Amino acid sequence: MTEIDHIVLLVRDIDEAIETWERLGFKLSYRVHLDDVGLAQAFFILADGTFIELIAPTVQDNIYAEMLRQKGEGLRLLSFRVDDLDEAVADLLQKGVTLRGVGTPRVFVEPESASGMLIQLWPKDRPHRWRDTLEQTA
Amino acid sequence: MKYHLSDQERETGIIPSETLKAIAEAVRTTGYAVVGNVVSKETIDLLTGSVLEDVERVRATGKKTRHEENTGEGHLQLGLRRYGPYVRADLVANPVIEAVVAAVLGEGAWLGFYNGNVNCPGSTYQPLHFDRPYSWKTPEDAQRDGQSWPPPTTTLSCSIALEEITEANGATEIYPRSHLETEAVNWTQNRVEPYPDLIEKWSPPARMPIPQGGVCFRDPRMWHRGVPNPASKPRAMIAATYHAGRCKHWRGIYIQDLDPQTLEQCAADPTLRLMDDRTLGDGRLVFQSDVRGVFESAPSRFGINRNVRFIDAPERVNHFQDSHELGGARVVMGEISPEG
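Residue numbers (this note's numbering), protein chains in the order written: chain W, 1 to 138; chain Y, 1 to 340.
Calculated directly from the structure, the hints in this document are not laboratory data.
The structure presented is a predicted model; accordingly, all values stated were derived computationally and were not measured.
Idealized CB from N, CA, C, for every residue including glycine.
Keep in mind that the hints are not guaranteed to be accurate.
[Unchecked claim] Here are the in silico distance ranges between beta carbons for each label pair: (1) Y:Arg301 with W:Asp132: 53 to 63 Å; (2) Y:Thr279 with W:Ile7: 41 to 51 Å; (3) Y:His129 with W:Asp83: 24 to 34 Å; (4) Y:Pro196 with W:Gly72: 26 to 36 Å; (5) Y:Arg301 with W:Asp84: 53 to 63 Å; (6) Y:Gln265 with W:Gly72: 54 to 64 Å; (7) Y:Gln265 with W:Asp91: 32 to 42 Å; (8) W:Arg31 with Y:Thr271: 50 to 60 Å.
[What the hints assert, rightly or not] In silico lysine to any residue, SDA-like type, Cα no more than 25 Å apart, as pairs: (9) Y:Lys201 with W:Asp132; (10) Y:Lys2 with W:Arg81; (11) Y:Lys41 with Y:Lys64; (12) W:Lys95 with W:Ser79; (13) Y:Lys2 with Y:Pro204; (14) Y:Lys21 with Y:Ala142; (15) Y:Lys2 with W:Arg76; (16) Y:Lys233 with W:Arg131; (17) Y:Lys201 with W:Gly25; (18) Y:Lys2 with W:Asp36; (19) Y:Lys201 with W:Leu39; (20) Y:Lys21 with Y:Lys201; (21) W:Lys124 with Y:Pro204; (22) Y:Lys201 with W:Leu118; (23) W:Lys124 with Y:Gly293; (24) Y:Lys233 with W:Gly49; (25) Y:Lys137 with Y:Glu167; (26) Y:Lys137 with W:Arg81; (27) Y:Lys201 with W:Gln41; (28) Y:Lys21 with W:Gly49; (29) Y:Lys41 with Y:Val294; (30) W:Lys71 with W:His33; (31) W:Lys27 with W:Arg81; (32) Y:Lys63 with Y:Leu52; (33) Y:Lys137 with Y:Leu258; (34) W:Lys95 with Y:Glu167; (35) W:Lys95 with Y:Gly122; (36) Y:Lys201 with W:Gly74; (37) Y:Lys41 with W:Gln41; (38) Y:Lys201 with W:Leu28; (39) Y:Lys64 with Y:Leu258; (40) Y:Lys201 with W:Lys95.
Assemble the whole structure, with the sequences as input and the hints as a guide.
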């Protein structure tokens, strides 16, 4: 777990946040709205291939809305690449780290085990589906 | 959604209608709502003691329970003592719980399951699953019955915390809002692992902490699983499950294709439920007759059917037997034992 795959910023308003990041010089790569999950996402690919993801809850009752109420806007998730998800999980569990989603494709380190930050373990060889969409439309 | 009852609200069993609406709405949208201070400390202490004693007896057999074989090691569906003084009105006839049940499921809802749920130290991960099927399979079916889409739940699970439940003692992992996933309506199994794309969609999961004496009201279609309990002692919880009045199966499944004669029989005799073999039978939960007064002294203010029957010695209810398999029919003659 030594390389960052992407970082996630929680924002209140996706349009305002896109404007903010474009003003800072970043170019919007893709945006999507997941109605049933209640989430708007925007992605900014960086020069090294990593990306910044902005997420804004569009309903009042999902995990992101709760996070926004509790902690406000800001950096809320760091996604780190791992060579092998199962090995990384076994190693962290053995060290007494508390995880969420063990045995599923999306495993997270509990914020209580990571100085308050939600950490995602992202297998190096796993593609990001939204990037496939980009390639198809390019 | 989290709400903490005042002592006055707990004692009178009356909560503001706006709060009740907000709880029901949270169950509908998020999939769960947690309400603190629902059950008295006296009841919690009594039940915690009895459950932990029974866990010791079960573990002393040295065998895995059938539920552990089917789900995950260390996760016990442990029956609760069905005799005095362990059957308490603030558990089986709690006006706040029944108010929420009526708000979610409507009048005529009935108690179908009343059991212990224990997560022992050294437990493993359960498979990610959901507990109940969808009662309507298509938007057209739902619309015909005047229901919305995604369809509402016809079952409400109430998890009553006998102690402070946190990540430190294996609070259940949940996927909020996943009960709204309409892809799941036609799945023939209740396991979610075969659908990694959907797990990604509804991630990240959360935990379901519940304060001691509090209740988590949960749509049982929301994906969840038991996780390891890293603490040194078992974590005890009570599971009470209610079903909507329209559900005629003994486990609360909504059966649309019942013939008119069967429906008439069920209407004439509310103790009748459809069994797994599709015959009609007695679907009530069994208690010892010494606790009859607990139910009768607290009639439901919300039209909830407690769905119970009573037996006298020498018949006894063996609460150690797995009620997942046996429903309310766990009557034995003589001694009660975890050996069955």
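For the pair we were handed, lysine 201 of chain Y and leucine 28 of chain W, check the Cα-Cα distance against 25 Å.
-> Roughly 22 Å between the alpha carbons, so the hint for lysine 201 of chain Y and leucine 28 of chain W holds.
Mind checking the alpha carbons of lysine 137 of chain Y and leucine 258 of chain Y for me, to see if they're no more than 25 Å apart?
-> 17 Å, holds
Is the straight-line distance between the alpha-carbon of lysine 201 of chain Y and that of leucine 118 of chain W 25 Å or less?
-> Given that 25 Å is the threshold and the Cα spacing comes to 17 Å, the pair holds.
25 Å limit on alpha-carbon distance, applied to hinted pair lysine 71 of chain W and histidine 33 of chain W | 23 Å, holds
Assess, step by step, whether the Cα of lysine 41 of chain Y is no farther than 25 Å from the Cα of valine 294 of chain Y, and give holds or violated.
-> 18 Å, holds
Agreement of lysine 233 of chain Y and arginine 131 of chain W with the hint, judged by alpha carbon distance not exceeding 25 Å | Violated. Lysine 233 of chain Y to arginine 131 of chain W sits at ~47 Å, over the 25 Å cutoff.
Take the C-beta atom of threonine 279 of chain Y and the C-beta atom of isoleucine 7 of chain W, compute their distance, and say whether it sits inside 41 to 51 Å.
-> At 59 Å between Cβs, range violated.
25 Å limit on alpha-carbon distance, applied to hinted pair lysine 2 of chain Y and proline 204 of chain Y | 20 Å, holds
With a cut-off of 25 Å on the C-alpha distance, tell me whether lysine 95 of chain W and serine 79 of chain W pass.
-> Distance of about 19 Å is within 25 Å: holds.
Keeping to a limit of 25 Å between CA atoms, is the pair of lysine 201 of chain Y and aspartate 132 of chain W held or broken?
-> 16 Å, holds
Holds or violated: lysine 201 of chain Y with leucine 39 of chain W, Cα cutoff 25 Å?
-> 11 Å, holds
Just tell me: holds or violated, for the beta carbon distance of histidine 129 of chain Y and aspartate 83 of chain W against 24 to 34 Å?
-> With Cβ atoms ~30 Å apart, the hint holds.
In this structure, the earlier hints numbered 2, 7, 10, 11, 16, 17, 20, 23, 24, 25, 26, 28, 37, 39 and 40 are contradicted, and the remaining ones agree with it.
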